[in-house]
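Participant: Please model the complete structure; the sequences and the hints are all you need to start from.
If you read the protein sequences in the order shown, they are chains A, B, C and D. So the mapping is simple: my numbering equals the position in the first sequence, first residue as 1, plus 4. So the mapping is simple: my numbering equals the position in the second sequence, first residue as 1, plus 4. So the mapping is simple: my numbering equals the position in the third sequence, first residue as 1, plus 4. So the mapping is simple: my numbering equals the position in the fourth sequence, first residue as 1, plus 4.
Please keep in mind that the hints were generated in silico from the structure rather than gathered at the bench. As the structure is a computational prediction, the values presented were derived from the model and not from experiment. Glycine included, C-beta positions come from ideal geometry on N, C-alpha and C. Wrong hints could be hidden among the right ones.
As the list claims (entries may be wrong) - Simulated restraints on C-beta separations:
{"hint": "1", "chain 1": "B", "residue 1": "T185", "chain 2": "A", "residue 2": "P11", "range": "56 to 64 Å"}
{"hint": "2", "chain 1": "C", "residue 1": "D79", "chain 2": "D", "residue 2": "R153", "range": "48 to 56 Å"}
{"hint": "3", "chain 1": "A", "residue 1": "K149", "chain 2": "B", "residue 2": "V177", "range": "29 to 37 Å"}
{"hint": "4", "chain 1": "A", "residue 1": "S37", "chain 2": "B", "residue 2": "S133", "range": "25 to 33 Å"}
{"hint": "5", "chain 1": "D", "residue 1": "D155", "chain 2": "C", "residue 2": "R131", "range": "53 to 61 Å"}
As the list claims (entries may be wrong) - Below are the DSSO-like pairs computed for lysine-lysine, each with C-alpha atoms no more than 27 Å apart in a straight line:
{"hint": "6", "chain 1": "A", "residue 1": "K16", "chain 2": "D", "residue 2": "K48"}
{"hint": "7", "chain 1": "D", "residue 1": "K59", "chain 2": "D", "residue 2": "K16"}
{"hint": "8", "chain 1": "A", "residue 1": "K59", "chain 2": "C", "residue 2": "K59"}
{"hint": "9", "chain 1": "C", "residue 1": "K57", "chain 2": "B", "residue 2": "K59"}
{"hint": "10", "chain 1": "A", "residue 1": "K48", "chain 2": "D", "residue 2": "K16"}
{"hint": "11", "chain 1": "A", "residue 1": "K59", "chain 2": "B", "residue 2": "K48"}
{"hint": "12", "chain 1": "C", "residue 1": "K16", "chain 2": "A", "residue 2": "K59"}
{"hint": "13", "chain 1": "D", "residue 1": "K57", "chain 2": "A", "residue 2": "K48"}
{"hint": "14", "chain 1": "C", "residue 1": "K16", "chain 2": "C", "residue 2": "K59"}
{"hint": "15", "chain 1": "C", "residue 1": "K16", "chain 2": "B", "residue 2": "K48"}
{"hint": "16", "chain 1": "D", "residue 1": "K48", "chain 2": "A", "residue 2": "K57"}
{"hint": "17", "chain 1": "D", "residue 1": "K59", "chain 2": "A", "residue 2": "K48"}
{"hint": "18", "chain 1": "C", "residue 1": "K48", "chain 2": "C", "residue 2": "K59"}
{"hint": "19", "chain 1": "A", "residue 1": "K57", "chain 2": "D", "residue 2": "K59"}
{"hint": "20", "chain 1": "A", "residue 1": "K16", "chain 2": "A", "residue 2": "K59"}
{"hint": "21", "chain 1": "A", "residue 1": "K17", "chain 2": "D", "residue 2": "K48"}
{"hint": "22", "chain 1": "C", "residue 1": "K17", "chain 2": "B", "residue 2": "K48"}
{"hint": "23", "chain 1": "D", "residue 1": "K59", "chain 2": "C", "residue 2": "K59"}
{"hint": "24", "chain 1": "A", "residue 1": "K59", "chain 2": "D", "residue 2": "K48"}
{"hint": "25", "chain 1": "D", "residue 1": "K48", "chain 2": "D", "residue 2": "K59"}
{"hint": "26", "chain 1": "A", "residue 1": "K17", "chain 2": "A", "residue 2": "K57"}
{"hint": "27", "chain 1": "B", "residue 1": "K48", "chain 2": "C", "residue 2": "K59"}
{"hint": "28", "chain 1": "C", "residue 1": "K48", "chain 2": "B", "residue 2": "K59"}
{"hint": "29", "chain 1": "C", "residue 1": "K57", "chain 2": "B", "residue 2": "K48"}
{"hint": "30", "chain 1": "B", "residue 1": "K17", "chain 2": "B", "residue 2": "K57"}
{"hint": "31", "chain 1": "C", "residue 1": "K57", "chain 2": "C", "residue 2": "K17"}
{"hint": "32", "chain 1": "C", "residue 1": "K48", "chain 2": "B", "residue 2": "K57"}
{"hint": "33", "chain 1": "A", "residue 1": "K57", "chain 2": "C", "residue 2": "K59"}
{"hint": "34", "chain 1": "A", "residue 1": "K57", "chain 2": "C", "residue 2": "K57"}
{"hint": "35", "chain 1": "B", "residue 1": "K48", "chain 2": "C", "residue 2": "K48"}
{"hint": "36", "chain 1": "B", "residue 1": "K48", "chain 2": "B", "residue 2": "K17"}
Protein chains: 4
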Amino acid sequence: MADRNQPRYNQKKRAALEAAAAVFAEHGYHGASTTAIAEHIGIKQGSLYYYFKSKQQALEEVCAYGIEDYVSRIDGIAAMALPFAVRLLAVFQSHLSAFRERRDAMKVYNDERLYLPESARTELHARGSGYRKTLEDLFARAVQKGELRADLDCHFAALTVIGIGNAWGDLIVRDDTLDTTVLAQQCADLILRGAVQAEA
Amino acid sequence: MADRNQPRYNQKKRAALEAAAAVFAEHGYHGASTTAIAEHIGIKQGSLYYYFKSKQQALEEVCAYGIEDYVSRIDGIAAMALPFAVRLLAVFQSHLSAFRERRDAMKVYNDERLYLPESARTELHARGSGYRKTLEDLFARAVQKGELRADLDCHFAALTVIGIGNAWGDLIVRDDTLDTTVLAQQCADLILRGAVQAEA
Amino acid sequence: MADRNQPRYNQKKRAALEAAAAVFAEHGYHGASTTAIAEHIGIKQGSLYYYFKSKQQALEEVCAYGIEDYVSRIDGIAAMALPFAVRLLAVFQSHLSAFRERRDAMKVYNDERLYLPESARTELHARGSGYRKTLEDLFARAVQKGELRADLDCHFAALTVIGIGNAWGDLIVRDDTLDTTVLAQQCADLILRGAVQAEA
Amino acid sequence: MADRNQPRYNQKKRAALEAAAAVFAEHGYHGASTTAIAEHIGIKQGSLYYYFKSKQQALEEVCAYGIEDYVSRIDGIAAMALPFAVRLLAVFQSHLSAFRERRDAMKVYNDERLYLPESARTELHARGSGYRKTLEDLFARAVQKGELRADLDCHFAALTVIGIGNAWGDLIVRDDTLDTTVLAQQCADLILRGAVQAEA
DNA sequence: AATGAATGAGAGTTCATTCAT
DNA sequence: TATGAATGAACTCTCATTCAT
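Facilitator: Structure follows, in C-alpha cells:
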C-alpha cells in the first residue's frame, strides 16, 4: 500500500476512485462487484487492493469524494454579499452541476452511505449537515432582511431545497439532455415565487 | 407453490411480503438475504420459496405493493372538483401518508426498483408515470383556469412535487416524530406561495 | 445451522469433526483447506458451513474434542486408591492410548491451539491445566507418603511427564507399529527408577 | 540473486534468515506471510526475493540453521572422556541453551519441517538422526561400562531424552524466566536417578 | 540493492436455490 | 406447509511471486 505522492500513483488512484463510484452508482454498494470495478480501469480484480484496503473503504472514499467540493462551494456562496434570489440560484446551480461533474460519487453518497459502519457515517454526516446548516442560515438571514416572508420555516425550507436538488440530481444523472442551468433557474423560481399567480 | 385462495395462505403471504419489504428497505435488495426475510416471519430460509418463486419476484411484488394504493388514490383526487390548493394538499397528504402506511414497500419501490429486469421495470414504470401524468394534468388544468400562473412548466412542477414528496418520505421513514399533516401543509404552501414575501 | 439432536445430524457432524481433525493434523491449521476437509467426508466445500460456522470454530471444536476424554480420565485415576507406580503407569497408558484413539484431534490440540484467538484459547487452557494440576497433586501425595523422594520438584516432574507423553504421542501418531502398552511401561519405569543401576 | 560473499550481503542475509525464523516460529509456516518477514527487517515484500528464492527455500534454510550448531555440539560431548552423568548433563545443557540462542529457528525445525517437500526433509532428517544415533551410542557405552543398568532400552532412552529436551525447549521459548542450567540439572537427575526413593 | 505495481491462484465465506421428506 | 441438507456460483480478500525500473 504505497502512500507516496508520486503523480503516477495519484493518477491511477483517482481512476480507481471514479471506477468505484461508477459501479457503485449503477449497481449499488452490495450489487457492485470488485471485479467490475477493476475491469473499469483495466486491471485484475485482486490488484484493486493495491489502491483500496477493502471494498468498504472504497465506499467511504467515494462518498467523501462525492460531497467534497459540493459542500465546500456553499461557503463561497454564503460569503458573498448578494440578494437571496441570486444566492438561491447559485445554490441550485452548484448542487445540480455537482451532479454533472461528480454524478456517480454524489449519487453514491446519497444512496449508499447508509451501508457504511457508524463510525465512517458520522464523519461524513458532519460535513453534510454543515451544508444544511449554512443553507438554513442563508434562509434565516433573508427572512431577517425582509427578503423572505416572516413565517417561513427555515429548517423545513432548507431540507426541501436539498431534497429537490437531490431529486433532480437523480434525474440528471440518468438523462444527459437535461440542462442544469435552466433547471436551477426553474427550481429557484418555484421556491421563490411559488406556483400561484401573483396578484400584483 | 400452491396459490390457493384460502385465507390462511393469503395472510401468511402478506406477512412474507411485508417481511421482504422491511428487509429490502433496511439493507437494499442486494444486501438483503433470504435468511433474514425468513427469520422475520419465523420460518426457515427454504420455506420462503413456498411464497415467492425467487428473490427477484419478491422484489417485484414488494414494488407493486408499494405504489398500489398510493397511485390509485390520485385518481380520486383528480376526479373530485376542488380548488387546486386543496388538491395539491391532498396530493402531498396522500404521498406522505403512503410513506407512513407502507413505508418499507414505498422506499423499496423508490430505491430498489432499478435492480429489476427491464420487463418488470417497465410494467411498474407505466403505473408510476400514470401518476406523474395525472399530476401534471392537474397542474395544467389549474393553469388554464387561471389558478396558477400561465408561464408555469407543468412537467417540471409535477416532477418537483414528486421529488419533494419522496425526499420527505425518506426522512419520515427514519423519523417517527415528523407529522405528515403539518409537513403536507408546509409543502403545499411552499409550492403555491413560494418563499418570497407577497407584495400585497 | 440445525441444532437438533437428531441422530442423523449428529452422526454427520461427528464425521465432519474427525475430517477436520485429520486435515488439521496433517497440514496444520493454516495449511489446511476447507476444500480438503469437505472432500474427506464427500461433500462440497460450501456445505461444510452447514456444520461449522467458520474454519476457526472447527479448530476450536477439534481441540475441545481432542482433550475431552483424555482430561476426564485422569480424574478416575486420581480417585482410585492405588500405589503411585500403578497410577503413573495408568497415566502414561491413558495419555498414549488417547493418542491412538483421537490421535489427530490430540495432535491438533497440542500443535495448533495457539492459533486460536485468546478467548477460545483460555477456555481450553483451563481444562488442560486442570490435568497438570491433578498430576502434580498425584506426585505431591506420593512424596508425602514416602513413595517418592522428598526432594522431588513435583511441578517439574508433572510437566516432564506430560512432555514425554506428548513427545511419544507424536511418534505414535506417525508410527503404527509402536505398542502403547509397552511404551507406557517403559516411560513409567524410567521416571520411577531412573536409568542408573540400583545399588541394591 | 547475487550470492556475493561481501560482508554487507552476508549480514543482511543473516538478518533475513532470523526474521523468517521469528515469523515462522510465531505464525507457523503457512500462517506466515512474506510481508511480515519483510517488515521485520524494514524492507518491502518484493525485496525479500533478493535473499530467498522462495518462501519454501526460506523454510529450508531456517531449519538447517536451527539444528546446525545444536547437532554439531553433541560430537564434542561424545568425543570427551567423561562419566555418563556429566555427559547427560551436557547434552541437556546443550539442547536447552540451543533453544535460548536460536529459539525461533529450533522451534521452526521441530514444528514446521514436515511442511517441506520430501527431498529437503530427508536431507535434514539425516542430520537429526545422526544426533539421535550419537546419543543412543552414549547410552549404550554407559550400559557397557556398567554406569547404567543393563536392561535399559537405549533407543527408547535416547528418544525420550530428546523428547524431554524439546518439550522443555518449547516452554523455554515462551517463558524467559526459566533457567536452563537448573532445568538441565533437573532433567539429567530425573533420568539418572528416577523419582523413586533410593533404598540405600 | 530495492521498490512499486501488478498478477493469478487460491482461500474462506455467503447465498439463492433445489428437493426429498 | 415447511424443513434439513446440500449445492454451485459468486464474492471479497490474501498472498507468493514476478519484473521493469
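Participant: Against which earlier hints does the structure fall short, listed by number upward?
Facilitator: Violated hints (numbers, rising): 2, 5, 10, 11, 12; every other hint is consistent with the structure.
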